[in-house]
Amino acid sequence: MRFLPPTASTGAESVDSLYYFLVALTFLFTGGIFLSVTYFAIRYRRRDPRECPRPVHGSALLESAWIAIPFVIVMFIFGWGAKVYYDLSVPPTDALQLYVIGKQWMWKAQHPDGQREINELHVPLGRPVRIVMTSQDVIHSFYIPAFRVKRDVVPGSYTTMWFTPTKVGRFHLFCAEYCGTEHSGMIGWVTVMEPTDFERWLSGAGAEGSMAATGEKLFQRLGCAGCHRSDAPGRCPPMTGVFGSSVVLANGQTVIADEQYVRESILNPKAKIVAGYQPVMPSYQGQVSEDQLLSLIAYIRSLAAPGTTEAGTAVQPQAAPPAPQPRRSRVSEGPTTITQPERRQRK
Amino acid sequence: MSPIVTELPKIHYLNAAYGLKSWLLTTDHKRIAILYLITVTLYFFLGGFFALLVRLELMTPASDLLRPETYNRMFTMHGIVMIFFFLIPAIPAIIGNFVIPMMLGARDLAFPRLNLLSWYLFMAGGLFTLYVVVIGGVDTGWTFYVPYSSVYSNSYVVATGLGVFITGFSSILTGLNFVVTTHTMRAPGLTWGRLPLFMWSLYATSLVQILGTPVLAIAVALVGIERIWRVGIFDPSLGGDPILYQHLFWFYSHPAVYIMVLPAFGVVSELVQTFSRKRIFGYKFVAGASIGIAVYGFLVWGHHMFTTRQSVYAGLIFSFLSYFIAVPSGIKVFNWTATLYKGSVSYQTPMLYTFGFIGLFTIGGLTGLFLAAMGLDLHVHDTYFVVAHFHYIMVGGTVMAYLGAIHYYWPKMTGRLYPDAWGRFAALLVFVGFNLTFFPQFLAGYLGMPRRYAAYPEEFHLLNVMSTAGASVLAVGYLVPLIYLLWSLRHAPLAGPNPWGARGLEWQTPSPPPTFNFEKTPIVTDETYEYSLEEEEVV
Amino acid sequence: MSTRWRRRKLSESTNALAHQFDDLEQQARSNTLGMWAFLATEVLFFGGLFTAYVVYRHAFPEAFAVGSKHMDVVAGTVNTAVLIASSLMMALAVQSAQLGLRRPLIMFLLLTMTLGAVFLGIKAWEYHHKYVENLVPGVNFVWEGPLRNQVQMLFLLYFIMTGTHALHMVIGICLLTYLVLGARRGRFSREYFFPVEIIGLYWHFVDLVWIFLFPLLYLIGLHL
Amino acid sequence: MTVHITPRRTYYLVFAVLMILTATTTGVAFIDMGPFNVVVALFIASIKAVLVVLFFMHVLHVTNLTKVFVAAGIVWLAILIALTLNDYLTRGWDPISRPF
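Chains as they are written, first to last, in our numbering: chain Z, 1 to 347; chain P, 1 to 539; chain C, 1 to 224; chain S, 1 to 100.
Keep in mind that the hints were calculated from the coordinates and are not lab data. Honestly, I wouldn't trust all of these hints.
[Claimed, not checked] Computed cross-link-like contacts, DSSO-like style, restricted to lysine-lysine with a CA-CA straight-line distance of at most 30 Å:
hint : chain 1 : residue 1 : chain 2 : residue 2
1    : Z       : Lys272    : C       : Lys130
2    : S       : Lys67     : P       : Lys284
3    : Z       : Lys270    : Z       : Lys83
4    : C       : Lys130    : Z       : Lys103
No experiment lies behind these values; they were computed from the predicted model shown.
With the hints as extra help, turn the sequences into a complete structure.
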């Protein structure tokens, strides 16, 4: 009988170490309590129904000891747990970018090059993978036990997770947040492949064109391009170089233009107006699906200028440690005609 | 030790009046406790029945016994019935109602009619919930997470929510009654430093009920409003934030864990002293820890939300604060253990439950450290690890203590003893059955089995079979006391006022006590739990 | 309530001691404390709504400012004044009860109720206006301008918060009616006035809630 | 129990102050003070609340125990709001989860 799921990511090992430590601690304390209770119960068992033991009124020393020692131990656990959590929350900048949409009751995944999967996720060995997730209906939770990662998938906003697979194989993918009738059917498989196999799989998976390309078409069709022109900045901020940069808003605040910000700007454009522009953009709430939103985001991401993204864009292929992916550079293709001064000007 | 008793007192609270009306309109706290005992027991077995169906379904990997939609209703109803209609009222409303005025040397609670109203509200809320069970159930999980509960569920969310809302007010009024009673109804000489530890823990519980429950009430009410009028307080498609609901929900529902377990701490503090004939080790620390847990419990709710969209920084703060709770919980366990030292330990039924409680609560508490460690929680959150953890606290802790308390106060309630051998046998069954049921769930959880799954992959099969086998042992363990306790009502020997040789004002009145508890208001001159004085009295 | 108990209470108006207490002082102390504990519950009950308000106002500042222009500031201000005046009447009623003055007690209680009713009347008139303007979420909410959902959130909170508050007012008026009936029968005296006092506490609390609701709902976007 | 009976004049005075503050808060709302509008509005509301609690609700003359209960309600409300905002105000700080 197995007691651990497969350990198939870099994070899995750090989670397991913490787990082993806590298991040992639990055995230590439970054993201590169990032995003391048993010993006292036998040693001081009632031998005479009338016996009346002398009182022991407590000891300040003991009390402070069992306040202080557990406190130090739990603070140590807190620190360790927080470290593991933080590492599991902040993706490296060179991660491969994937998109996942949860809906009752299936997982839809899409690769930047446009390959779509349902209840399956193919990832390459040894590359950090960052997943941007949202839900079309209720809250789900994307859970891969073998990687020891889980994040809720919340409608109306994006959450992210990341991992670096360290083992080739097929691993469970579960929905961990109760989401309705077929909750237990909302499961699938994550397949970790050797990078070369992964390349082969990608090219055979039949994409209809990269997400950025789809997004660009949408950008034209929805009429965004008429306003958000990079050649003639006028009524609307141009989209080149925006993604990942800090944007100064009309109310003086500064936000980082990440997925969440782009999403909000499409659905609810008047919520955060870029400084220097008028709130003229209509809302696209109800007109774009979650899929299309992700494509638009992939497109706008692809317009980011080199070296300016905060996470996950394929801007420095050389920097990716194992197996640089030539394919990834496609993400940054497209009309990247931005220059640094232009960006600074918009700030 | 206690003299042989040959007859019950002539007039006591049970025979002071007869007829259904004398019960349904009673303001006697002891009779209201009996009303609660009967209804809460019914709910316990109803919730247990749902649990049994859940376990039977999980005996095989496929969802074959129940369809998924039925399964989802079963685990939801199990959770709602057990939490709101068993765990929260069990010890406060039954044991607390029965003994608090006696412990304080008072004739009744401060507000007897309010107490009866609490029971009626409890019944009204319960009837709504039963009505939902009859017409088809609710499938949101006891957490009512939006937007599933407010928009997507096809079950009876509003009626259930109303039931929970009403029951919440029953809980608030009970807590309010206890708090005021503790402040104003203490007998002369009964200072705070002399209060029984059960009083301290129920006082702490009541604070949580008063200050936490209204937030749950409003959160559930908002879900109802959103569902009825299709407006978007939490619905993201209408601009709301579903995470806000989780904040409001857990602001109550984490402290609610302490509503369920603090009374159990109080019970164990009483039992461990009576059955080792020794004053508690470190009275002030144990008493203070109760208040500390109640207050501190409100600062940690975000640890239920590490995997949601809650910000990393909020998570860090909540995780940090959560670990502080380990300290007062640790104080309690260590002090209970130390109380046994150089005591006179007897192995009567209530004490066996106490031993069980200490062990299982220790495991339950320590596994809480796993869940509060943020990095590890990313893996075990919403898996069977969590299920096992809170069942170790709720069933291994609260239910054990509740059964211990029932066995401890049964002679006071009914005037009769029960067959102790059967009692010890049942305690053993419960302990074994419990561990067999829930220990495998820790393993299944770390192995990655998500909770609330009607069907699961093959690799979790063996662990689930073990769990289901344990659940059937547990079920027998719960039925045995029901039988012999009912039997004892007529056939068991009489108990006398103080069958355990316990200290405390409640043992100084006849069993069963008269309607107003004491002939005249007692005056307290001793420190609490002075077992050493007994020697002189006995000799 | 046992009939024996009720009979005792009716027959001996000055001796209104319940069986569980030793003296009237203990009874009054317990009841006052009980009411304060209940008010703590009420603070947290409204607290859930205030939390939702804070979160959404923080998220949608512009929408809340724009939406609040549709609140009737005059009605809100007048209502605040009316409610504070009713609180004053309640305070004077409690004082009359403390002094054992029966007729002023009844008069001030009736004035409190009247002002409370005026408040509810103005509130109802406001609600009606919102209905006519198609601003009732879940019923007929129409918003042509931008940020529809966010503005709707403001009106949703407006109706839930003021609605909950109004419900408390209605309960308060019922309790006051009970007091008036009791006062007419001469149940209250210098020794036994705590029912007036604790219902007074409740009434003042409802006033307190409004003191915060008023600026938060009506006075957001006036200077825009 | 000694009952402290507040003279009527005090009630009238408090009432007058409350009325003035109500007029002030409405008047001030028409002046644009940026983020300070909220601060001022809540400050005035708090003063009004304190006046009502101290004089109308007699907290000036009650036992310490009652004061503890009053404080408990306020402190717990603060916990609820503060720790909820602890999430919302820090969402913008990291690249993982952002305000909506």
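Open item on the list: If you test the structure against every hint from before, which numbers come out violated?
Closed with: 3, 4
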